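Participant: Make the full structure from the sequences, and use the hints.
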Amino acid sequence: MLDFKLTEHDRKPQSDADAVKADSVYDLIILGGGPAGLTAAIYAGRARVETLVLAGSLPGGQPANTDVVDNYPGFPEGIGGPELAQRFQNQAERFGAQIKMDSATGVDFSTQPFTIHTHGATYRARTVIVATGAVPRRLGVPGESKFFGRGVSTCATCDGFFYEGKTVVVVGGGDSAIIESLFLTRFARQVIVLHRRDELRATQINRERAFANPKIRFVWDTVVEEILGDQTVNGVRVRNVKTGETSVIKTDGVFVYVGMEPKTEIFADQLELDGQGYVVTDHRQRTNVSGVFAAGDVQDPLYRQVVVAASSGAIAAMEVEKLLGEYSP
Amino acid sequence: MPLLSEEIKEQVKKQLADLSGPVRLVMFTQEFECEFCAETRQLVEEIAQLSGQLSAEIYNFVTDEDKADELGIDKIPAIAVIGAEDYGVRFYGIPSGYEFASLLHAVKLVAQGEPELSEETTKVLAEVNQPAHFQVFVTPTCPYCPSAVMLAHQMAVASPMVRADMVEAQEFPHLAIKYQVMGVPRTVINETVHIEGAAPEPMVVEKLQEALESTELSDD
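Line order of the protein sequences matches chains C and F. Per numbering that gives the first Met the number 0, the first sequence starts with residue 0, numbered consecutively. Per numbering that gives the first Met the number 0, the second sequence starts with residue 0, numbered consecutively.
It should be emphasised that the hints constitute simulated quantities derived from the structure, not laboratory data.
To give an idea of the interface, some chain C residues facing chain F are shown, with a C-beta separation under 7 Å as derived from the structure:
id	residue
1	Phe147
2	Arg149
3	Gly150
If you're wondering where the values come from, they're calculated on a predicted model, not measured in any experiment. By construction, the Cβ of each residue, glycine as well, lies at the ideal position given by its N, Cα and C atoms.
Facilitator: What follows is the structure in structure tokens.
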């Protein structure tokens, strides 16, 4: 069954490329084009706040890489993640936000107006909403980088096809790990789920589906120590955390789903971060720097839901509107 | 039964409303041993209806061999996206799923004939004086792939020496094996240099320079 997705991937905003002003000062720059950033853009646009969104390389954020979103209110049949992302974007553009496919490479929040650098440009803004989201965490073991794209993957929907009739290992025990394991059973002969605990973190409905699938085998209390191979992956060296025993499991591929980490490297010396790297915010989405707000997964280690990210984006934009009103005479 | 829904057609019409010049979708097909040739042809013909600037030309890969040679087409289904000139923008395999966005991007890009690359990249590409061939391997279910395809197509438009192909890995398994594709996007430049994932523009430029240097060495 063929489908045709209309994700907007333009390298410049579809509205008017030349309208992006590199020299002047925006009221608001939103870093990130996921549910939090785009919801903030909708609210800011309606408040007539002049807004630029630097949406990064994958517009729509994590939903754009999610097959179906079943728990966003208003879509009783569920909605495709890419379509939901596109709808957020259309709505933000309808209210005048400029959306640019660019990512911040550095920021200076120490003086007003704030400065944001990208690969090719520098922007200035009176307020900023940080909504850069979270990215898949890596295992950080030998072989992982070397074999990335040659047997190590973080995208089962992208790469599952290459494992037709083969054996793959999935590392992790959360919902992502289980959903992707189920997806991989369409191609792979066997899917081995390696989990460091002795029970899954995934929700009950996903656990039941996984336990019922004859192609999925579980290896509990086990962590990966090294990814092995020659030209491509041929195995993983693992350790049982209870017994300390190590062994080698033969596999053709390793899919890593061990959670997410916030994308905050460029803010490390600019904003207060918690021990895990999340931006610290108060209940009004304010950071420790006046005029800089944060919304979505970049400041949320707990819930990481589209609806929660969207609501924090709305709060941040309403706070921006209020603050800009106070700045103006 | 049309491939594109009415809703998608309306959105495509909107996206292609202000094409600045004519674009030809030159498609190569044959009637047997080609899984998605019929659908690719239908897709090209449906899209061509959605803008006055667009036209579809259908050729037979076997009987129109001269035309295929002229455009450097070596496998099917193939689409050459040609604007005021042929910039070397190609699609091998059907651009469905996420790659549909790459096809629309390519149409807009060649219509405009002006790439949207950084100054540094443009400068490097202007100095390229030997052929460079990008093959970007994709699957239609890969949300990261279009950015790699689009960047390669931008570079093809920026330099007459550069040509760039989207290659749908599932339709060309022998190429996936030849180039050891086990994850997408995977970009192969001049057979020698590989890029895993959707790399940022400066890194792709670096890899292009690396490929050109190694080509020079092997020429000696």
